[in-house]
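**Student:** For the record, the sequence lines run as chains A and B.
If you count the first sequence from 1, position 204 lands on 204 in the working numbering, and the numbers rise without skipping.
If you count the second sequence from 1, position 186 lands on 186 in the working numbering, and the numbers rise without skipping.
For the record, the hints were derived by calculation from the structure and aren't laboratory data.
It cannot be assumed that every hint is accurate.
[Claimed, not checked] List of simulated lysine-lysine pairs, DSS-like, C-alpha gap at most 30 Å: (1) A:Lys299 x B:Lys270; (2) A:Lys94 x A:Lys112; (3) A:Lys371 x B:Lys81; (4) A:Lys191 x B:Lys270; (5) A:Lys222 x A:Lys294; (6) A:Lys325 x B:Lys172; (7) A:Lys40 x A:Lys94; (8) B:Lys30 x B:Lys244; (9) B:Lys281 x A:Lys191; (10) A:Lys139 x A:Lys191; (11) B:Lys30 x A:Lys299; (12) A:Lys294 x A:Lys325; (13) B:Lys362 x A:Lys299; (14) A:Lys259 x B:Lys298; (15) A:Lys222 x A:Lys233.
[Unchecked claim] Distance ranges between label pairs, derived from CB positions: (16) A:Gln38 x B:Phe274: 30 to 38 Å; (17) B:Ala251 x A:Asp263: 56 to 64 Å; (18) A:Asp263 x B:Thr276: 24 to 32 Å; (19) B:Val214 x A:Trp370: 45 to 53 Å.
Owing to the predicted nature of the structure, the values given are computational and were not obtained by experimental measurement.
Idealized CB from N, CA, C, for every residue including glycine.
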Amino acid sequence: MRITRFSVVWLTAAWLANSPAHAADANCVNCHIDRNAQFKDSVHAATGLTCIDCHGGDPKANDETAHATDNFHRPDSKQAIAQLCASCHSDVRKMNPFGLPTDQLDRYKTSKHGEALFGKNDQRVAGCTDCHGAHDILKVNSPQARTFAANIPATCGRCHSDENLMSRYKLPADVVAQYKTSYHAQLLFEKGDLSAPTCVTCHGNHGATPPGTAEVGQVCGKCHGRQRELFEKSPHAEASAAGAFNQCVSCHGNHAIQKASVDLFASACVQCHANDPGQLARRDELVSVIKTAKVAYAKADERLHDATVRGLATDDEQILLQEAKTDITQLEALQHLLQPGELKLPAEHAQQTVAMIMGDIDHLEHIESWKRRALWPIWTFLGVMAVIFWLKRRQLE
Amino acid sequence: MKVYPRLRAWLAERYDVGAVEQFVEHQAHKPLPPQTGFWHTFGSLSLYLFLNQVVTGILLMIYYRPTTNTAFESIRFIMTKAHFGWLIRGLHAWGATLMVLCVLIHMVRTFFMGAYKKPRELTWVLGVLIFGCTITFGFTGYLLPWNQLSYWATTVGTEITGAIPYVGEYMKLLLRGGEGVTGETLARFYVAHVVVLPWVLTGIIAVHLFLMRVQGLSTMERVGEEKPIDPQKAIPFFPHHVLKEGVIFCALIGVMVTLAVVWPAELGEKADPFVTPEGIKPEWYFLSTYQLLKYFPKLLGILVSMVPPVLLLIWPFIDRSPERHPKKRPVAVGIGIAGLVLAIVFGIVGHFSESHVTFNGKHYFIDIKGAPHLEQPAASPEKAP
């Protein structure tokens, strides 16, 4: 067979592709077939890392002598694993190209997990590989990753739903089960909202720690900033500072938190104010203002939707409805002030806007009624014409 | 000097105007059989409704934009901003329904009066094709507003074609222009609705009318025993029959405008491929076929549903008896009545299937096959503390 210039180039390229680094991997794979199966699709394989980048060893050896080098190591503790990961992940030069932070180990050491591991050598607590995997680590935004938002509850639940393990730390084992009943979980699992809070949103990830009583408001306030700001001005803020009130959690709960509605006032206030008619009256006033505005808004929304579906010109009213919705949203935040007077302005504005919408729809329906009235002259004209045609025909016959 | 004589003289110097005038005169005063009644006006009404669809369709095309981002919005513009857009759309939507109804009544009249028999077999076949084109118009036009109902009804409708053996998947792909109902489907349906079908239907109607004028209207006499129309008893097409059509025409205009005003065509909600609404139903003229398909496995259902249209198409070649009078054709009339009753019953069942109805104070759920299930009243929720 004639060897052409093209085939020489092709063979050279194929040989170059089989570079020393890949050859070293190929040698590891001879024995560690299962590890390679996990590693080949990982984020580390995609970035060009090989076995020896983490484990060292002799890349040229084709048997167990590959392990017989000074730089070979197989981490035998979670501390060692953490240090091994940190050898790259705490190196700014190495992480900069990927835009990754380099303080994970430092944060981890401040976490309950890190304190137990490094302080008490407790090998049962979560280390790097417990959450990220070892050889099969995937990017956080990969839906198969253990650290993907929708998989976080399951990842945490591997330990935090284990009754035996949790009983050693006197921790409840139903937190993940509770979370799955929450509104946050509904957003995450049913609506596919990956920005919905998961375990790590409130507790942190590498620096995972349960927020204390004083920090709950800060944690919830990361998303519900306006509510937190108003809460700080409420009478409850004082009680919280005195340690008598657990901020958001006292009314809303924590892991099993439900979508808050005005009905929450009925069950939450009586927990502390059951025998305080003055406070209950203030509650009722708050509830009344909010409910009245919300009911009016809901009626306008329904009627406007109906009119829009029918094909009436409702563009301006849609804008007004958004205005009313803004007022309702304001009311939902302002209720955290627990001052009925503060709610009056947006509530009245919402009512006025709703009244304008209703008035406009009345006007549109009035025009529709005129269309129906116009049918009388049309039918009269057509009737006269039909009679003329009929009589003319009779005459001809 | 008046305009017409001058114009006629100008034309006569160049063309055989006399022949044209003679043709028009002959057609206008062509004698019709004495039994030509109001039932005979539904053919003309169908033609008028077709013209109504063309005119209102052209007006709608001025503002309609057939893309997924603009179709719904352009319909909303027509309904809310364009002058009398709501009326034009209403006349188009109700005109479509009335056209299907008029063509159906015209066919029923033709069937029961035996007018499809020799020598008018081809006129009947063309009439069946006109009906097919009319409901295809309905099917393609239904998607164009790009609202939830139209989107999902088209999804179901095109899905059914996928079950046809061997060619089904290709047909579905051809209709949809891809795997799902998308902008490609909208473009295809639009082109079919405003370009292909109008010309096809115009051509078929032209031949249908030509044959009707050449062969004249059928009488109730036996095939081969037709007598020439007695000039003393004949009804001239113009003005006698045209005046009769005028009376019905006035009623039709009134009904159509009333429907457009009292029950205006809805805008609905914009199509959302991720939200399937409950109770997706096709237009009323597809309801009986839609319901029939539920009682059979997919392939068998398609074969069964193909029987009525095929039977209609070849009927003149099956029923070859010389009798035209319904009383002398008990089998054909019996089959015709049974077909009509079945279509109406299946249509009604299809309309109520998968819905909740209240009858005689009791609540029922009508399941997918039309069987009613008595619903227990829901227990009143406990009062919150």
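**Student:** Please go over all the hints and tell whether each is borne out by the structure.
**Tutor:** Results of checking the hints against the structure:
| no. | hint | verdict |
| --- | --- | --- |
| 1 | A:Lys299 x B:Lys270 | 22 Å, holds |
| 2 | A:Lys94 x A:Lys112 | 28 Å, holds |
| 3 | A:Lys371 x B:Lys81 | 16 Å, holds |
| 4 | A:Lys191 x B:Lys270 | 20 Å, holds |
| 5 | A:Lys222 x A:Lys294 | 26 Å, holds |
| 6 | A:Lys325 x B:Lys172 | 44 Å, violated |
| 7 | A:Lys40 x A:Lys94 | 21 Å, holds |
| 8 | B:Lys30 x B:Lys244 | 15 Å, holds |
| 9 | B:Lys281 x A:Lys191 | 27 Å, holds |
| 10 | A:Lys139 x A:Lys191 | 22 Å, holds |
| 11 | B:Lys30 x A:Lys299 | 64 Å, violated |
| 12 | A:Lys294 x A:Lys325 | 9 Å, holds |
| 13 | B:Lys362 x A:Lys299 | 29 Å, holds |
| 14 | A:Lys259 x B:Lys298 | 44 Å, violated |
| 15 | A:Lys222 x A:Lys233 | 17 Å, holds |
| 16 | A:Gln38 x B:Phe274: 30 to 38 Å | 35 Å, holds |
| 17 | B:Ala251 x A:Asp263: 56 to 64 Å | 57 Å, holds |
| 18 | A:Asp263 x B:Thr276: 24 to 32 Å | 31 Å, holds |
| 19 | B:Val214 x A:Trp370: 45 to 53 Å | 50 Å, holds |
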